[in-house]
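Novice: I would like the entire structure built from these sequences, with the hints used as guidance.
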Amino acid sequence: MGITRKNYDLQISRLKYDVLEMGRRVRAAMAAAVEALEGRDGEAAVAVREADAGINAMESAIHDECARLIAMEQPVARDLRIIMAMIKAALELERIGDYAGNIARAAERAAGLPAARTAEAMPVIAAMADLASRMLSDAVGSVLDGDVGRAEAAARMDDDVDRIYAGFLRDGIRGMAAEPEGIDGVLALLFAAKHVERIADHAVNLCELAFYVENGENREL
Amino acid sequence: MTDEAKLRIRGLDLHYGEVQALKKVDMDIVPNAVTAFIGPSGCGKTTFLKTLNRMIDLIPGATVTGTVLYDGRDVYGDYDVIELRKRIGMVFQKPNPFPMSIFDNVAYGPRVHGMKGRRSLEETVERSLKRAALWGEVSDRLHKPALGLSGGQQQRLCIARLLAVEPDVLLMDEPSSALDPISTAKIEDLLEELKKLYTIVIVTHNMQQAARISDRTAFFLHGEVVEMRSTEEMFFKPKDKRTEDYISGRFG
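Here the protein sequences come in this chain order: A and B.
With numbering that gives the first Met the number 0 applied, the first sequence closes on residue 220, and no number is skipped along the way.
With numbering that gives the first Met the number 0 applied, the second sequence closes on residue 251, and no number is skipped along the way.
Derived DEER-like restraints, expressed as beta-carbon distance ranges: (1) Glu3(B) / Ala27(A): 56 to 66 Å; (2) Asp77(B) / Leu9(A): 51 to 61 Å; (3) Pro30(B) / Ala165(A): 52 to 62 Å.
Taking lysine to aspartate or glutamate pairs in the EDC-like style, the calculated list, with each CA pair at most 16 Å apart, reads: (4) Lys129(B) / Glu191(B); (5) Lys5(A) / Asp244(B); (6) Lys236(B) / Glu216(A).
No wet-lab data here; the hints were simulated from the structure.
Every value quoted in this text rests on a predicted model; they were computed, and no experiment measured them.
Here a beta-carbon is modelled for each residue, glycine too, at the ideal position from N, C-alpha and C.
Specialist: Set out below in structure tokens:
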């Protein structure tokens, strides 16, 4: 049996590539926001927020492409599940981009803080961001391939992110109580950490889509 | 497998001389539902359809083994073939009205089966044309030639002609493949109505049509049923790779 619909396959591959690229862009945005926070670099933080429009445009383009494929190619079975998953994945990635923007906003506030305060918190936030970034990378890959094993493993990393965040929150609250005049700075860092934690949650949502792609299942992870 | 099968097929083999066209087909066809057969040309789906009311008997050299139980009775046993084909009627790809009036086309079957009396024939013709969703378009010209109707109307006339003999199962072999999209839509709407009263089996090359109108779908390939399940599952998450390839158009 010969394989037909080469052009259709190519279009689906391109769609997946676009989602992969969007995933790369939001990971880069998160990394740049965390770096701006660490470097107390207000300008770099502004640049991250400004780049969010590009991520939003990618989401729209992916949605348009999915609608076009549905209208023109009448996808069924796995093709349909992939396209539906790409719509949702783009939505999740767009939200993650927004969170990266929120981290950048926290970085702008933190830019005026004494270096000592951010220096103490940064290794913790960076560790969380590193985990979230790895989750995100695996999550996107698992959706594109319908790789449920990789998705489950990535989703499990969320427990570590949550645990680190809980400890960071506890210490932050203690710090605010001990040193009320430093509340502004602590809050900026807590917000940043909170948004990294939310990014990891959305990465879990992405992981769930791998199950949908693979067998049409709406799995809660 | 279900207890309420209208047709229960077990281990059905069909040979055309040396060539095996159907291999060990097992299938249950449920009542008051549309069952669609899909598959590439030559896969055996139309051949299988024709075994269900023994239309296959008309093809020289075709031998059938295995069982087809219709309401529990083996149609290859001592079933009266005339009675069988009255109960399990067939509609073909090309509309084939007789070269007579619309009325006489529909009245043909009941007359052959012994119905007399103008009144009962008129009632039967009207009821059949209404069920075939054609009455409104032809009620004022029942005695005009059927061949003057459009292709879509002719096909609904053929369905009315079938309904007039009060069948139980309707076999349809690509009933709308020769029709335009509007006539096709009318046939599809009609099937949705008819399945409340009849068991419908349809062979179609149009996969979107199978997806739109059928409750269950069977995929045939090389004389075998590769997969049969609810149409929704079939088009959303088929189990077999070959089904997936076929329904997504990746079969050359």
